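Please model the complete structure; the sequences and the hints are all you need to start from.
The lines below spell out each chain.
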Amino acid sequence: MDFTIRAATPEDCKDISRMIIELSDYEKMADQVKISHEELKRDGFCQNPFYQCLIAEVPEEHKTKDGHVNVGYALFFYTYSTWKGKCVYMEDLYVMPEFRGKGIGKALMSSVAKVGKEQQCARLQLSVLDWNTPSMDFYIARDAQDLTKSEGWHLLRFDGAALDKLAEEAPKK
Amino acid sequence: MDFTIRAATLEDCKDISRMILELAEYEKVSDHVKITQRDLEQDGFSKNPFFHGIIAEVPEQHRSKDGHTKVGYSLYFYTYSSWKGRAVYMEDLYVMPEYRGKGIGKALMSKVAQLGMAAGCNQLNFAVLDWNKASLDFYLSQGCFDVTADMGYHCMRCEGAALENLAQGDS
Numbered sequence: 001m002d003f004t005i006r007a008a009t010p011e012d013c014k015d016i017s018r019m020i021i022e023l024s025d026y027e028k029m030a031d032q033v034k035i036s037h038e039e040l041k042r043d044g045f046c047q048n049p050f051y052q053c054l055i056a057e058v059p060e061e062h063k064t065k066d067g068h069v070n071v072g073y074a075l076f077f078y079t080y081s082t083w084k085g086k087c088v089y090m091e092d093l094y095v096m097p098e099f100r101g102k103g104i105g106k107a108l109m110s111s112v113a114k115v116g117k118e119q120q121c122a123r124l125q126l127s128v129l130d131w132n133t134p135s136m137d138f139y140i141a142r143d144a145q146d147l148t149k150s151e152g153w154h155l156l157r158f159d160g161a162a163l164d165k166l167a168e169e170a171p172k173k
Numbered sequence: 001m002d003f004t005i006r007a008a009t010l011e012d013c014k015d016i017s018r019m020i021l022e023l024a025e026y027e028k029v030s031d032h033v034k035i036t037q038r039d040l041e042q043d044g045f046s047k048n049p050f051f052h053g054i055i056a057e058v059p060e061q062h063r064s065k066d067g068h069t070k071v072g073y074s075l076y077f078y079t080y081s082s083w084k085g086r087a088v089y090m091e092d093l094y095v096m097p098e099y100r101g102k103g104i105g106k107a108l109m110s111k112v113a114q115l116g117m118a119a120g121c122n123q124l125n126f127a128v129l130d131w132n133k134a135s136l137d138f139y140l141s142q143g144c145f146d147v148t149a150d151m152g153y154h155c156m157r158c159e160g161a162a163l164e165n166l167a168q169g170d171s
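In order, the protein sequences belong to chains P and S.
Under UniProt numbering, residues 1 to 173 are what the first sequence spells out, in order.
Under UniProt numbering, residues 1 to 171 are what the second sequence spells out, in order.
Since the hints were made in silico from the structure, they are not lab data.
All values derive from a computational prediction rather than experimental measurement.
All C-beta atoms in this analysis are idealised placements derived from N, C-alpha and C, irrespective of residue type, glycine included.
Among the hints, a few may not be true.
Said to hold, decoys possible - A few chain P residues that face chain S, going by a derived Cβ cut-off under 10 angstroms, partial list only:
no. : residue
1   : V69
2   : T79
3   : S110
4   : P134
As the list claims (entries may be wrong) - Across the chosen pairs, the derived CB separations fall in these ranges:
no. : chain 1 : residue 1 : chain 2 : residue 2 : range
5   : P       : Q32       : S       : L140      : 19 to 25 angstroms
6   : P       : I140      : S       : R63       : 31 to 37 angstroms
7   : P       : E38       : S       : E60       : 26 to 32 angstroms
8   : P       : T9        : S       : A161      : 29 to 35 angstroms
9   : P       : K165      : S       : E98       : 18 to 24 angstroms
10  : S       : D66       : P       : D130      : 42 to 48 angstroms
11  : S       : K14       : P       : E169      : 53 to 59 angstroms
12  : S       : K14       : P       : P134      : 43 to 49 angstroms
Shown next as structure tokens:
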């Protein structure tokens with residue numbers, strides 16, 4: 001099946017938002033999605049965007065039963081390692097179920113890697129849920145290392161009331 | 001002990017570089033550090049910086065035996081959660097051993113949280129090695145939660161040949 005990988009535009013934010021919810025549903029956490037397509041537009045298309053996004057698009061004749069031609073996306077941003085320098089982090093990689101197995105996911109991820117390499121990034125990083133075997137297998141097949149398993153890295157987070165409290169305790173001057 | 005928390009400047013890159021190496025040594029991986037003071041200057045203080053830094057400084061009378069008054073740092077950058085929006089990631093938090101237990105680490109981390117929230121972030125994320133019990137205990141005592149332990153997220157990485165192959169579409 002023919003498909004194109006292209007940079008997202010502000011007009012894609014409604015589709016990106018739709019697919020973010022589909023992905024969160026797949027991850028069994030659909031109630032966790034709090035941001036709207038307006039916020040996505042504001043944060044991704046301002047002067048210093050917080051993220052970049054690639055869209056996988058199919059021709060009209062392959063559109064879904066709901067009429068969608070934007071059938072996959074990868075959302076990423078630049079990070080920094082104090083050991084290795086610039087890195088790229090792939091926050092989301094998603095292909096609608098009926099379009100899987102056609103190389104779209106791989107093309108999206110390769111495109112993120114290519115953009116990262118062009119920006120001299122030394123690493124591409126991402127996270128996967130431990131029970132998500134199909135995705136874990138996909139990434140291992142691309143030679144990704146599981147740093148949690150091999151080196152013991154854990155991701156920690158402050159949010160909600162804990163973050164408010166921490167911020168309030170900052171030195172005033 | 002008196003100390004100040006302030007934004008890092010270009011002139012601080014020498015001390016940040018020194019402390020990055022000290023932290024890497026603590027984490028038992030000092031041979032992994034490839035970036036230099038010059039890289040930090042270029043990457044952190046250009047028009048579109050890849051990171052921001054804050055420094056903990058003590059008065060002259062409390063300088064270290066090697067004469068350092070810059071005794072801690074935190075390095076952070078902005079990230080994005082497709083579920084929650086803007087977030088801040090704390091890449092490094094370090095206080096020189098002889099200055100620990102005085103609230104400096106907490107002050108640095110709080111400052112990152114404050115700056116992040118001022119920029120519209122609603123998450124502060126960071127990573128810890130599971131054997132680093134002292135740090136894990138410190139962070140958990142401040143009210144964060146372990147996303148890996150609680151939700152099952154694993155941190156994955158492609159680098160070197162794997163990244164090359166991926167970028168060329170060969171993998």
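Hints, one by one, checked against the model:
For V69 (chain P), the shortest C-beta to C-beta distance to chain S is roughly 21 angstroms, which exceeds 10 angstroms, and the interface hint is violated. The closest approach between the C-beta of T79 (chain P) and any C-beta of chain S is roughly 6 angstroms, which is under the 10 angstroms cut-off, so the hint is satisfied. Because the beta carbon of S110 (chain P) sits about 4 angstroms from the nearest beta carbon in chain S, less than 10 angstroms, this interface hint is met. A least Cβ separation of about 14 angstroms between P134 (chain P) and chain S goes past the 10 angstroms threshold, and the interface hint is therefore violated.
Between Q32 (chain P) and L140 (chain S) the CB atoms are about 22 angstroms apart, so this pair conforms to the stated range of 19 to 25 angstroms. In this structure the hint that I140 (chain P) and R63 (chain S) lie 31 to 37 angstroms apart at CB is violated, the actual value being about 49 angstroms. The supplied range of 26 to 32 angstroms is broken by E38 (chain P) and E60 (chain S), whose beta-carbon atoms lie about 51 angstroms from each other. Our hint of 29 to 35 angstroms for T9 (chain P) and A161 (chain S) holds, since their Cβ atoms are close to 34 angstroms apart.
A hinted range of 18 to 24 angstroms is violated for the C-beta pair K165 (chain P) and E98 (chain S), which are about 28 angstroms apart. Distance hint check for D66 (chain S) and D130 (chain P): the Cβ-Cβ separation is about 44 angstroms, which falls inside the suggested range of 42 to 48 angstroms. Between K14 (chain S) and E169 (chain P) the C-beta distance comes to about 30 angstroms, which lies outside the given range of 53 to 59 angstroms. Against the hinted window of 43 to 49 angstroms, the Cβ-Cβ separation of K14 (chain S) and P134 (chain P) comes to about 47 angstroms, which satisfies the hint.
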